[in-house]
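Q: Each chain is listed here by its residues.
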Amino acid sequence: MPDLLIELFSEEIPARMQKRAAEDLKKMVTDGLVEAGLTYASAGAFATPRRLVLSIEDLLAQSPTTVEERKGPRVDAPEKALTGFLRGAGVAKEDLEIRDEKKGQVYFAKITKKGRPAAPIIAEVLENAIRNFPWPKSMRWGTGSLKWVRPLHSILCILSAEDGAEVVALEVDGIKVGKSTRGHRFMAPDAFDVNNFDDYSNKLKSAFVMLDANERADHIWHDATNQAFAQGLEVVEDKGLLAEVAGLVEWPVVLMGNIGADFLNLPPEVLQTSMKEHQKFFSVRNPKTGRIEKFVTVANRETADQGATILAGNEKVLSARLADAKFFWDNDIRTVEREGFEAMAAPLANVTFHNKLGSQADRIGRIAALAREIAPIVGADADEAELAAKVVKADLSSEMVYEFPELQGIMGRYYAKKAGLSDAVADACRDHYSPLGPSDDVPTDPVSVVVALADKLDTLTGFWAIDEKPTGSKDPFALRRAALGVIRLILTNDLRLSLSAVLSNGYEGADATDLLSFFHDRLKVFLKDEGIRHDVIDACLAMDGADDITLLVKRARALSETLATEDGQNLIQGFKRANNILTQAEEKDGVEYSFGPDIKFAEDDAEKALFTALDTAEAAIKPAMADEDFTSAMSAMAALRSSVDAFFEAVQVNADNDVVRRNRLNLLGRIRDVCLAVADLTKLDG
Amino acid sequence: MSQTLEKPRSFQEIILRLQAYWAAKGCAILQPYDMEVGAGTFHPATTLRSLGSTPWAAAYVQPSRRPTDGRYGENPNRLQHYYQYQVLIKPSPPELQELYLGSLQAIGIDAKLHDIRFVEDDWESPTLGAWGLGWEVWCDGMEVSQFTYFQQVGGHDCAPVSGELTYGLERLAMYILGADHVMDMPFNDPSAPTPLTYGDVFKQTEEEYARHNFDAADTEKLLRNFEEAEKECHALLDLPAEDPKTGKRIIMAHPAYDQCIKASHIFNLLDARGVISVTERQAYIGRVRALSKACADAFVQTKAGGYSAEAAQ
Numbered sequence: 001m002p003d004l005l006i007e008l009f010s011e012e013i014p015a016r017m018q019k020r021a022a023e024d025l026k027k028m029v030t031d032g033l034v035e036a037g038l039t040y041a042s043a044g045a046f047a048t049p050r051r052l053v054l055s056i057e058d059l060l061a062q063s064p065t066t067v068e069e070r071k072g073p074r075v076d077a078p079e080k081a082l083t084g085f086l087r088g089a090g091v092a093k094e095d096l097e098i099r100d101e102k103k104g105q106v107y108f109a110k111i112t113k114k115g116r117p118a119a120p121i122i123a124e125v126l127e128n129a130i131r132n133f134p135w136p137k138s139m140r141w142g143t144g145s146l147k148w149v150r151p152l153h154s155i156l157c158i159l160s161a162e163d164g165a166e167v168v169a170l171e172v173d174g175i176k177v178g179k180s181t182r183g184h185r186f187m188a189p190d191a192f193d194v195n196n197f198d199d200y201s202n203k204l205k206s207a208f209v210m211l212d213a214n215e216r217a218d219h220i221w222h223d224a225t226n227q228a229f230a231q232g233l234e235v236v237e238d239k240g241l242l243a244e245v246a247g248l249v250e251w252p253v254v255l256m257g258n259i260g261a262d263f264l265n266l267p268p269e270v271l272q273t274s275m276k277e278h279q280k281f282f283s284v285r286n287p288k289t290g291r292i293e294k295f296v297t298v299a300n301r302e303t304a305d306q307g308a309t310i311l312a313g314n315e316k317v318l319s320a321r322l323a324d325a326k327f328f329w330d331n332d333i334r335t336v337e338r339e340g341f342e343a344m345a346a347p348l349a350n351v352t353f354h355n356k357l358g359s360q361a362d363r364i365g366r367i368a369a370l371a372r373e374i375a376p377i378v379g380a381d382a383d384e385a386e387l388a389a390k391v392v393k394a395d396l397s398s399e400m401v402y403e404f405p406e407l408q409g410i411m412g413r414y415y416a417k418k419a420g421l422s423d424a425v426a427d428a429c430r431d432h433y434s435p436l437g438p439s440d441d442v443p444t445d446p447v448s449v450v451v452a453l454a455d456k457l458d459t460l461t462g463f464w465a466i467d468e469k470p471t472g473s474k475d476p477f478a479l480r481r482a483a484l485g486v487i488r489l490i491l492t493n494d495l496r497l498s499l500s501a502v503l504s505n506g507y508e509g510a511d512a513t514d515l516l517s518f519f520h521d522r523l524k525v526f527l528k529d530e531g532i533r534h535d536v537i538d539a540c541l542a543m544d545g546a547d548d549i550t551l552l553v554k555r556a557r558a559l560s561e562t563l564a565t566e567d568g569q570n571l572i573q574g575f576k577r578a579n580n581i582l583t584q585a586e587e588k589d590g591v592e593y594s595f596g597p598d599i600k601f602a603e604d605d606a607e608k609a610l611f612t613a614l615d616t617a618e619a620a621i622k623p624a625m626a627d628e629d630f631t632s633a634m635s636a637m638a639a640l641r642s643s644v645d646a647f648f649e650a651v652q653v654n655a656d657n658d659v660v661r662r663n664r665l666n667l668l669g670r671i672r673d674v675c676l677a678v679a680d681l682t683k684l685d686g
Numbered sequence: 001m002s003q004t005l006e007k008p009r010s011f012q013e014i015i016l017r018l019q020a021y022w023a024a025k026g027c028a029i030l031q032p033y034d035m036e037v038g039a040g041t042f043h044p045a046t047t048l049r050s051l052g053s054t055p056w057a058a059a060y061v062q063p064s065r066r067p068t069d070g071r072y073g074e075n076p077n078r079l080q081h082y083y084q085y086q087v088l089i090k091p092s093p094p095e096l097q098e099l100y101l102g103s104l105q106a107i108g109i110d111a112k113l114h115d116i117r118f119v120e121d122d123w124e125s126p127t128l129g130a131w132g133l134g135w136e137v138w139c140d141g142m143e144v145s146q147f148t149y150f151q152q153v154g155g156h157d158c159a160p161v162s163g164e165l166t167y168g169l170e171r172l173a174m175y176i177l178g179a180d181h182v183m184d185m186p187f188n189d190p191s192a193p194t195p196l197t198y199g200d201v202f203k204q205t206e207e208e209y210a211r212h213n214f215d216a217a218d219t220e221k222l223l224r225n226f227e228e229a230e231k232e233c234h235a236l237l238d239l240p241a242e243d244p245k246t247g248k249r250i251i252m253a254h255p256a257y258d259q260c261i262k263a264s265h266i267f268n269l270l271d272a273r274g275v276i277s278v279t280e281r282q283a284y285i286g287r288v289r290a291l292s293k294a295c296a297d298a299f300v301q302t303k304a305g306g307y308s309a310e311a312a313q
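Protein chains in written order, with full-length UniProt numbering: chain R, 1 to 686; chain V, 1 to 313.
In isolation and in its complexed conformation, chain R is listed as follows (with noise of 0.2 Å):
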């Protein structure tokens, strides 16, 4: 069986696009050589800055021929039917089969659909690929209307069996398929035909085409850390780093470089920064001291001076690059040494920071009142917080931040520490930001801890008070992200609020019953992945107490894990059957039955002793729920199962004796009223 190999060949492709473009070009040729009966062994794909590839293995020649059967009208049908079941399907009238069903004689045809050869399929679902293919943008050049990720200039595609090998006969845009392809851009710039996928590969090696992106990645990081090691030193660590770079070049060659050393004291972070993001450059750090001392940068090519010239532009345009750097990072030492650090935050009364929600400034001071409001809940010193919570935002004014606003909160801790203020307060800078992401660290510290609470309440408020709450898939301001980061900070620290109270003292405006739902339903989603159900939420939030965070998820986990015990699930449908017949002869009577039975009354043991397991149970529950316990309450009230199991087996609840009766449907209240006293269990799905 043959192979088939297809590159498309272009202008640069960007870095972050290749990979997926490689598994879509897979997908999409697969997808639609599969539809056509053309099934294979095995496919990979490949990608370079410049190439797409896709190589499959082991295709069938041609397509097999199938048979399809297809009911028609019933015999008696009007004529208008037939013609267009005749057309539909492709037969004449004679080649129609006439069979016996239940509501008379119907027609049946034979659809049989001949194999093709793969090439011309090969060739449609190509040119289906290319026009149809999921940029995420696209791009027309020249004259004409072809889109494509940059300028497209030739495709190769070719099915290879061990006689040689076929080019698929096909034509996009006026580029024509052929069997030829080019080596690396400066390195080896001429055409050559090729074969197969081995031949291909071998050839692209020769021409310094390093075909694989992880083969690419491997070299990279094998070579940057032995250089490194070398010297004694060690790479930091960047896996998107490594990726894109290894998405810009085809024949990856490592150089490693020197840092000024007039900017060996910029703090770690800065030199990272800016050599990541406008060089694309990996720090290298002395393990021992843990200064950032060298670079790694990768070019695309050798050189016949072994990378001198290259390594020396790149170190030269890191030189100002980081003159600029440190230029920023000494004017804000000295206004920070000249003024204090709270000052530099001045300039944040001009910057808007939504027009309907005032100034930077504004913003800063009604973050300051809440977080001395806050700080008693966490256990911080009023004063401090709010301090911290005036100048965490200052080095938004600071000129390094200005250039590198990725280093927000980190250039702040550092200002914070050279303005002698405390530690807490210098980290709150950093730390307040946090959590961003679902996997984000969460600050402890309690000066951090009222900070970043006060920061995203003011924004949750804020944005509620004006009435842009996120709707569907948009949320600009991000506040399902600054929800979730309340509720983490909470649930981290073991925090106990009021989360009401503490929303009443936030933007004015905001409806505070709306956002606390908001909450809720954040919390939902963030319990999912821990494995509690929505269900089981409900069930706690209807009890008192559901605006404190911890307290709510504290009897959400207690409740999903007596759930997930056998006593605890045979216990609800127990209740469940128990709440049916109360709600059934509560209708029926028009009385609610919650005055409390009397074991005088009680004739059955089964119900003798489900009298003394509730007393048992209530005696164990009552205490438990008062130290919030809710581990022991459940599992108290799990115990109950062997009991009111026994007693619906042996009891008829609806007995012929009324007084009987009423005492019964009592001691089902009893089991009601203690199982609601733990969670609304009714509120539990199945």
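Since the hints were derived computationally from the structure, they do not count as laboratory data. The beta-carbon is built from N, C-alpha and C at its ideal position, and this holds for glycine as well. Be a bit skeptical, because a hint or two may be false.
[What the hints assert, rightly or not] Below 30 Å or equal to it, Euclidean Cα-Cα: the simulated BS3-like pairs (lysine-lysine) are:
id	chain 1	residue 1	chain 2	residue 2
1	V	Lys203	R	Lys316
2	R	Lys147	V	Lys25
3	R	Lys600	R	Lys588
4	V	Lys112	R	Lys19
[Said to hold, decoys possible] To give an idea of the chain V side of the interface with chain R (calculated C-beta under 7 Å), a few residues:
id	residue
5	Arg117
6	Phe118
7	Trp123
8	Gly141
9	Met142
10	His156
11	Pro160
Based on these hints, arrange chain V on the given structure of chain R.
A: Structure of chain V alone, referenced to chain R:
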């Protein structure tokens, strides 16, 4: 490559070699536009000529002004007035990348010794209502050019597509000439009877304009000028196409576009003076964009913009 690989010795030699190279490749070598612009793209030879179907190939130096980048001539590579070299070819030829690499060779960048890379860079100009895809071109880690395939200008789809090359001349020259500070770079040949550095020519003007742009420009007057330019641009385009004096169809796309350029530069000055708030900023950008769109709309109704009386019948 028949071009000499000898390194250029001065800033002006780099410009002259680029001019010679692109002239040899068939471009019309135009002169700078005689107005204050923020970038070479603003020259009507790029913005307006990238519209419509008429083929075009032009190259030129464009002095450009970015008032906020003024550093009194002290920063080694930031200037409020600098030069861009701009090439625009419509339709973009298939070998545009090779043509571009040839130009680097012509100014002394030997691709055998240097690491030249095309790194993704999507270009967008909110004030021109324009966008395109392409790269920033890196030489040994330094951005030496922008390379863009125009997709839309003034809200119009570009068909055919123009290829645009923009060289930041000072930075490129500093690299080639090995200068660490822009002001130290030789402007003419260092062995000339009167050797001049870039600083001899521009250090004083950088100081003067930095003070002017940041502290002295009359903002009241500028705000008024902005309104006037905006008004005049619309007024010119609102006049009927037929000129009552000559009876000819004369749409004043270029004079109107001059007012758009003026408004854009005034906005940049106001921005440097710090009198535009964040929210106002967006509104001003929107107003300039409205002007450039109106000019683009008008230009495609002119002959150079591909309009033909017969086709319009």
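Q: Does Phe118 (chain V) pass the interface hint, meaning its C-beta sits closer than 7 Å to a C-beta of chain R?
A: 4 Å, holds
Q: Are Lys203 (chain V) and Lys316 (chain R) close enough, with their CA atoms no more than 30 Å apart?
A: 23 Å, holds
Q: Can the hint on Gly141 (chain V) be confirmed by a CB-to-CB distance to chain R that is less than 7 Å?
A: Because about 4 Å separates Gly141 (chain V) from the closest Cβ in chain R, which is inside the 7 Å limit, the hint holds.
Q: Next item in the hint list is Arg117 (chain V). Is there a CB on chain R closer than 7 Å to its CB?
A: 6 Å, holds
Q: So, as I understand it, the hint says Pro160 (chain V) touches chain R; can you test that by seeing if any CB pair is closer than 7 Å?
A: 4 Å, holds
Q: When the nearest CB of chain R is found for Met142 (chain V), is that gap smaller than 7 Å?
A: 4 Å, holds
Q: Hint His156 (chain V) vs chain R: min CB-CB distance below 7 Å?
A: 13 Å, violated
Q: Lys147 (chain R) and Lys25 (chain V): Cα distance at most 30 Å?
A: With Cα atoms ~27 Å apart, Lys147 (chain R) and Lys25 (chain V) stay inside 30 Å; holds.
Q: Let me know if the C-beta of Trp123 (chain V) comes in closer than 7 Å to any C-beta of chain R, holds or violated.
A: 11 Å, violated
Q: Lys600 (chain R) and Lys588 (chain R) were given as a pair; does the straight-line alpha-carbon distance stay at or below 30 Å?
A: Holds. Lys600 (chain R) to Lys588 (chain R) sits at ~25 Å (cutoff 30 Å).
Q: Taking only the CA atoms, is the gap from Lys112 (chain V) to Lys19 (chain R) under or equal to 30 Å?
A: Holds: Lys112 (chain V) and Lys19 (chain R) sit about 29 Å apart, inside 30 Å.
Hints 7, 10, counting from the list given before, are not met by this structure.
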